[in-house]
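Chemist: What follows is each chain in one-letter form.
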Amino acid sequence: MIADPLRLFDFCMESDYGCAVVIASAERARDLQHVPAYIAAASAGAPFRFGNALMSFYNQPDVDFASSGHRVVADELYRLSGMSISDMDAAMVYDHFTGMVLMALEDFGFCAKGEGGPYAAAGNLGLDGPLPVNTHGGNLAEAYTHGMTHVNEAVRQIRGTAINQIEGATNVLVVGGAGPAPTSGMILTGAR
Amino acid sequence: MSDQMPGLPGPAPDPTTGGYWLAAGRGELVVQVCSACGTHRHPPTEVCYVCNSLDWTWAPHDGRGTVFTYTWTDRPVVPGLAHLGVYNVSVVELDGTTGVVRILTRVTDVERDDLVVGLPVEVHFDPAGATLDGEGVALPLFRPRAVR
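Protein sequences appear in the order of chains A and B.
Just so you know, the working numbering puts 90 at position 90 of the first sequence, and the rest follows in order with no gaps.
Just so you know, the working numbering puts 81 at position 81 of the second sequence, and the rest follows in order with no gaps.
Quick caveat, the hints were computed from the structure, so don't treat them as lab data.
What you are looking at is a predicted structure, and each value in this text was computed from that prediction instead of being measured.
Among the hints, a few may not be true.
Restraint-style ranges between C-beta atoms, simulated for each label pair [said to hold, decoys possible]:
1. B/95 with A/14: 19 to 29 Å
2. B/85 with A/114: 40 to 50 Å
3. B/17 with A/7: 29 to 39 Å
4. A/123 with B/77: 52 to 62 Å
5. A/123 with B/111: 49 to 59 Å
6. A/180 with B/16: 44 to 54 Å
7. B/52 with A/164: 26 to 36 Å
8. A/44 with B/49: 16 to 26 Å
9. B/50 with A/7: 22 to 32 Å
For glycine and all other residues, C-beta sits at the position ideal for the given N, C-alpha and C.
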């Protein structure tokens, strides 16, 4: 036990790393040699009083207390993209701590508040489950890249070049920086 | 540093937070209150999150509240906490405020199995040295209280 209820493997490791994401207009991307993933929606923000710059997290409103702070980001991503949870083929969720993944999945509506644990334990996040999560290993099992490789993995899934490829992956949710305000997120898609 | 946490830096009072630490040094708990709308808030800030007023003062509080949440830390985050052994980090919600006021603190005089959400607690103070002007400062801590 490190800090109840978190144990050693509930924490990500510290890593040196380097990776990049190239963003171009859709028109330009069509002429490049790699298959593009399109940004269907992107959002950054946090609910009112969420985190208060971390120093006053303990006074945030009850509705967001046990959350990753993505409630308003989730609403905006679904609104901007016109998609819903049933459209998502996978999710790459910032996972510096295991608990934040569960709470992010709750914020994005994949399960009810407080049900993240049972939802994960039931196998829903596995490669053969309805919502494969962090097929690259994430911060916990690949490297602590502050979420950047989550973007790369979403692009690989859409291109069909991932090591743990999900057959026919088209729409992938990318969830950034869980916990501090502002949080962020993206929906990437292969459909155009 | 404080009596209970000699290896850690003590509070550094500034124009916004100073009244809180200095009151604690006198053995009193105070909470910032908006002069315009009466909302209590913590930690001390310059602007009211309800009405945006810049006018505020300190309101005395009897130091009673309940445990809102907690964790037990089995490994000290810094060496200065090592002598505490396994210690808790707790959030206490104060009774009787206008708007929710929660304080990040530690509950003392409690066994691991006895610290639960909703536990009634009362404030006490951990002396934490003095300012350059010689005024004492302290950390508000909490301990279980009997409920009549």
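Chemist: Going back to the hint list, which numbers does this structure go against?
Modeler: 1, 2, 4, 5, 6, 7 and 9
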